[in-house]
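A.B. asks: Sequence:
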Amino acid sequence: MMGATEAILGKPAITEVTLEIGKPVIHQLPEIRTDLKKIGRRNHFIKLNLIVQVDEHDLPALQDETKMALVVDNIKTQLRDLEYKDVIGKEGSERLRFELLNVINFAIAPVKAHTVLFKDLIIQ
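Residue numbering for the sequence shown follows numbering that gives the first Met the number 0, beginning at 0 and increasing consecutively.
Take the hints with a grain of salt, since some may be wrong.
[What the hints assert, rightly or not] Below, computed lysine-lysine pairings styled on DSS-like, alpha-carbon distance capped at 30 Å:
#	residue 1	residue 2
1	89	36
2	75	111
3	118	37
4	75	46
[What the hints assert, rightly or not] Cβ-Cβ distance ranges computed for the label pairs, FRET-style:
#	residue 1	residue 2	range
5	88	42	19 to 29 Å
6	94	44	13 to 23 Å
7	105	33	52 to 62 Å
8	108	82	24 to 34 Å
9	42	116	38 to 48 Å
10	15	65	15 to 25 Å
11	25	92	12 to 22 Å
12	15	94	39 to 49 Å
13	40	77	30 to 40 Å
14	68	15	33 to 43 Å
Because the hints were derived from the structure by calculation, they are not lab data.
Cβ coordinates follow ideal geometry from the N, Cα and C atoms, glycine included.
Make the full structure from the sequences, and use the hints.
C.D. replies: Written as structure tokens, this is what we have:
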């Protein structure tokens with residue numbers, strides 16, 4: 000008796016898939032300092048020390064100098080578009096964490112980072 004997949008595609012359905020997931024490891028990015036978007040007369044700056052969690056087999060993508068330069072540049076560009084009010088408080092830091100994870104994942108694609116942790120987050 001044929002299943003629906005076999006009847007439509009002419010191929011038997013796959014019954015078992017094995018997925019190898021690497022052990023999670025962390026990688027510290029270089030310190031990042033930049034000005035935030037200027038509103039009014041005050042200048043604010045942000046200093047970040049970030050830790051990124053990736054699968055063990057994806058770590059070389061974060062250690063590649065070319066990709067790391069792209070990651071840092073993209074993060075600085077993203078930060079310069081933010082205002083002081085965008086990054087203060089719990090909601091601001093969580094939104095920043097989400098945005099930075101997206102920026103990092105874009106820069107290191109097809110590899111994917113799982114988490115961004117703040118080792119230091121100083122806003123002045």
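A.B. asks: With reference to the structure, classify each hint as holding or not holding.
C.D. replies: Structure-based check of all given hints:
The suggested pairing of residue 89 with residue 36 holds, with an alpha-carbon distance near 20 Å, which does not exceed 30 Å. For a cut-off of 30 Å, the pair hint linking residue 75 to residue 111 stands: about 20 Å separates their Cα positions. At most 30 Å may separate the alpha-carbon atoms for a hinted pair to count; residue 118 and residue 37 meet this at roughly 25 Å. Taken as a hint, the residue 75 and residue 46 pair is honoured in the structure, with Cα atoms around 10 Å apart against an allowance of 30 Å.
A C-beta distance of roughly 20 Å is found between residue 88 and residue 42, which places it inside the suggested range of 19 to 29 Å. For residue 94 and residue 44, the Cβ-Cβ distance of about 18 Å falls inside the hinted range of 13 to 23 Å, so the restraint holds. Judged by the Cβ atoms, the range 52 to 62 Å given for residue 105 and residue 33 is violated: they are separated by roughly 18 Å. Taking 24 to 34 Å as the suggested C-beta distance range, the pair residue 108 and residue 82 conforms, at roughly 28 Å.
Taking the beta carbon of each, residue 42 and residue 116 are about 27 Å apart, not inside 38 to 48 Å as hinted. Judged by the Cβ atoms, the range 15 to 25 Å given for residue 15 and residue 65 is violated: they are separated by roughly 38 Å. For residue 25 and residue 92, the hinted distance range of 12 to 22 Å is satisfied, since their beta carbons lie about 19 Å from each other. Between residue 15 and residue 94 the CB atoms are about 41 Å apart, so this pair conforms to the stated range of 39 to 49 Å.
Evaluation of the 30 to 40 Å hint for residue 40 and residue 77 yields a failure: the beta carbon distance comes to about 24 Å. Range check, residue 68 to residue 15: about 42 Å between beta-carbon atoms, so the 33 to 43 Å window is met.
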